[in-house]
Amino acid sequence: MTAAIELTGITKRFPGVIANDNVNLTVEKGEIHAVCGENGAGKSTLMKILYGMQAPDEGTMKVNGELVNFSSPTDAIDRGIGMVHQHFMLADQLTVLENIILGAEPTVSGGRINFKEAEAHLSQVADEYGLTIDVNQMVESLEVGERQRVEIIKVLYRGAEILILDEPTAVLVPQEVEALFENMRELKASGATILFIDHKLDEVLEISDSMTVLRHGKTVATMKNDGVTAHELAELMVGSELPTPDTSESTVTDDVALELKDLTVLNEDGRQVVHDINLRIHRGEIVGIAGVEGNGQGELVDAIIGTADIASGTVSFHGRDITRESVRKRREAGLAYVPEDRHHEGLLLSSPLWENAALGHQTQSPYGSNWWLDRDGARAQTELIREQFDVRTPNIDVSAHALSGGNQQKLIIGRELTSDPEVLVAAHPTRGIDVGAQAAVWDDIRAARRNGLATLLISADLDELIGLSDTIVVMLRGEFVATLAPADVTPRDLGAYMTGAALQNGGAA
Amino acid sequence: MRKLAFSLAAPVGAFLLTLVVSTIALLAFGSSPAEAYGDMLSHAAKLETQVDILNRATPFYLSAVAAAIGFRMNLFNIGVEGQYLMGFLFAAQVGGLISLPQVLHIFVIMVVAMIVGALYAGIAGVLKTTRGVNEVISTIMLNSIAVGGLIAWLQQEWQAELGENFSSTELGTNEIEESGLLPTINGLLEIFTREIGQGKELTGMLLIAVLVGVLYHVLLNRTRFGFDLRASGINPFAARAGGVPPKRMVLAAMMLSGAVAGLIGMVELADRGKFPPDPIQGLGFQGIAVALLGRNNPGGMAFAALLFAFLDVSSGVLDSTGAASREIAVIMQGIVLLTAVIAYGVANRLRERDEAREAAEALAAEREVVPA
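If you read the sequences in order, they're chains A and B.
Terminal number for the first sequence in the working numbering: 509, no gaps in between.
Terminal number for the second sequence in the working numbering: 372, no gaps in between.
Here chain B is said to cover these stretches of chain A; the calculated rule only asks that three of the stretch's residues, wherever they fall, bring their Cβ under 8 Å from a Cβ of chain B:
1) 330 to 340
2) 348 to 354
3) 370 to 384
4) 400 to 406
Here are the simulated SDA-like pairs of lysine to any residue, each with C-alpha atoms no more than 20 Å apart in a straight line:
5) Lys329/A with Lys247/B
6) Lys329/A with Pro245/B
7) Lys329/A with Pro236/B
8) Lys247/B with Ile310/A
9) Lys188/A with Asp209/A
10) Lys247/B with Glu325/A
11) Lys274/B with His105/B
12) Lys329/A with Pro246/B
13) Lys329/A with Gly226/B
14) Lys247/B with Ser326/A
15) Lys116/A with Glu105/A
16) Lys274/B with Ile151/B
17) Lys329/A with Phe225/B
18) Lys329/A with Arg248/B
19) Lys247/B with Thr323/A
20) Lys247/B with Asp302/A
21) Lys48/A with Lys218/A
22) Lys274/B with Gln102/B
23) Lys46/B with Lys200/B
24) Lys261/A with Thr323/A
25) Lys48/A with His85/A
26) Lys247/B with Pro236/B
27) Lys247/B with Thr307/A
28) Lys29/A with Gly191/A
29) Lys274/B with Val103/B
30) Lys329/A with Gly319/A
31) Lys247/B with His344/A
32) Lys188/A with Leu205/A
33) Lys247/B with Phe71/B
34) Lys274/B with Ile98/B
No wet-lab data here; the hints were simulated from the structure.
Where is the CB? At the ideal position from N, CA and C, for every residue including glycine.
With the hints as extra help, turn the sequences into a complete structure.
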């Protein structure tokens with residue numbers, strides 16, 4: 001039997017990064033195949049290639065045995081491949097039926113939409129795959145799980161037989177996950193092939209027939225789901241190489257710099273995403289947060305820097321309650337912040353470097369005061385950062401977008417660390433930068449720790465977490481589920497905790 | 001040097017393209033382009049025409065600065081029109097009721113105009129920060145309330161009050177006493193030129209407009225507030241993470257924009273001494289075009305305001321010479337705007353590429369020096 005999908009030797013390079021390195025993936029007809037891997041393992045890039053959103057640099061793709069070459073998602077749809085994105089693309093003000101047929105409307109003469117035919121076709125599709133939904137409801141009144149079902153039906157309506165589900169469970173609560181799995185089983189029974197991306201191991205083991213594991217852009221294993229344990233899978237996902245050990249001795253003091261008490265945070269939709277968290281970070285201490293992305297780390301960071309909606313609990317700096325204080329007050333009190341996405345929250349890309357260096361510190365010397373911007377002071381300080389943090393640039397007047405990612409990151413690290421901070425919140429400080437810049441950033445953070453900086457480090461790079469942290473806390477579904485000492489933990493153990501596998505087995509590995 | 005070349009290439013390119021297109025338009029209508037341009041230029045060469053151009057450019061510039069304050073933080077204050085008419089109306093009413101020494105009288109009138117403009121713009125700011133109402137929608141509606149509602153109603157009231165035998169000169173708010181009217185600055189100009197004839201008067205607001213331009217430049221580039229404003233416009237998320245309070249900035253920028261808008265009507269107030277039943281309308285929208293053409297830059301907007309005023313005023317002569325239809329000025333204003341947007345887009349892309357290459361070269365050069 002020919003496979004539904006056969007990818008051979010797929011390689012995709014981005015400037016400075018190899019996202020997919022000779023990846024192979026075979027999905028048999030009528031099976032549920034999971035693609036798992038850590039954040040940044042290359043799963044999304046692979047799916048984008050398969051769906052025609054990006055072209056591979058090397059490698060071949062076969063769909064139902066035929067060699068294909070997609071230049072856009074339209075080509076993929078024509079071949080019967082449909083994708084359900086993690087973030088839904090639905091119009092709230094339209095009905096379920098209107099959303100489903102949007103862009104593929106059957107028409108009668110004069111361009112009018114033939115709703116009768118649309119409804120008939122839709123109910124035929126829904127019956128065939130055993131999916132139920134009230135087609136005349138407004139989408140705005142639907143729950144998240146139902147919206148996802150609409151997205152799936154939308155794809156089936158267009159004739160897809162191979163479905164790609166991009167982290168479908170990320171947005172769902174446990175009961176909704178159950179309902180989704182039920183739907184997936186029905187789809188499979190009706191002959192559909194499902195390829196789904198996930199990194200929650202219990203879910204992968206529950207639903208999939210077979211799986212492919214990616215790590216650092218490479219295929220590390222393809223196997224049937226018979227007798228594989230969560231531990232084995234976690235080990236494959238995170239690798240079991242030993243981290244570069246941090247030989248420097250502890251600089252942790254008794255002085256609490258940042259304290260979170262019973263902190264509960266809501267996300268934009270009003271859902272509780274951080275529950276009752278307690279944490280103390282001392283001067284000279286680095287606390288690392290391990291966790292699969294989307295388990296509340298982002299909201300935890302927002303709560304500390306002052307942009308989140310805190311439902312209850314307190315945040316204090318050196319014993320002073322700052323829960324209700326503005327971002328600016330917190331920054332003036334000595335909070336430094338290295339955001340997860342430097343383009344989104346870190347830089348003014350079209351502004352010169354010296355203005356970027358001033359951002360976040362514009363009310364403080366040497367950048368300025370409450371009233372005035374000190375151009376000379378800011379420029380001198382930027383020159384200092386350029387020298388100390390080795391920012392490679394022709395001058396400090398070029399726009400930030402002219403720099404490479406590593407140099408942009410060094411500029412951000414430099415501006416935050418030269419402001420004499422008390423507390424640093426660093427989210428993925430070395431994401432997407434080259435090895436040289438990575439080592440430099442690590443050295444900078446270690447040096448600041450020696451000088452008494454209290455740091456909260458969030459990272460998907462487990463070696464980085466183990467190598468830098470004094471304490472590691474594992475975050476899962478908005479809670480701290482384990483506190484570990486980096487000296488006696490391996491990335492493999494951490495992976496098990498992060499995905500919930502270690503907890504199910506009743507504790508430490 | 002390269003930077004200067006990049007920033008000059010765009011406006012020069014846009015201007016040349018505009019000349020080409022409007023020449024084609026003139027030919028298509030059977031007019032002689034050389035004759036039309038010649039008439040406009042020779043008319044503009046007269047001192048009296050130049051006074052008219054400056055008088056026209058002054059409200060254009062104030063209106064452009066008002067719009068630009070919003071634009072710099074991606075806030076589209078379409079309501080400059082309503083804000084200036086409200087400021088104009090209230091300032092005229094207050095000015096007509098009081099009697100004060102000259103400097104104080106003028107000062108009070110201007111402050112009232114700015115406060116009313118700021119408050120009227122503030123409504124849109126409050127709606128945006130508390131209810132998330134898009135400022136484009138709310139300011140357009142506020143324009144309708146000001147122009148179609150309040151002013152139309154006032155005109156009706158004035159007419160009813162005067163009865164059958166009114167004459168339009170009696171309509172409007174009370175006449176402001178001489179002490180409340182900003183003096184003309186003919187004397188200042190005549191230091192450099194000959195005596196101005198035809199009873200033309202150069203508005204004193206010209207000096208205020210220059211001052212506003214200087215303050216705008218200082219505010220944006222030298223103050224912490226200006227930095228916050230620009231940062232919010234370039235990347236609101238980075239600005240917020242950098243401690244800029246987003247809601248307070250929206251409100252502050254909106255009100256500041258409205259305050260400057262309030263000054264626009266002062267040009268006409270100084271000239272006519274009251275809020276007339278037929279105030280000049282559309283200045284708020286012209287300001288948006290001028291700000292766009294001048295790239296929100298204080299100098300650029302001054303140039304753009306003069307260009308628009310020149311086209312408006314000098315084309316008036318075409319009516320009497322008959323070389324072409326004076327509407328060619330409107331066509332040229334439209335085309336220069338379009339071509340400028342395109343030219344700036346292209347120049348910006350070229351500049352970015354140039355910068356990226358320069359940065360990459362600097363990096364490569366360093367690598368060669370440092371042994372691997």
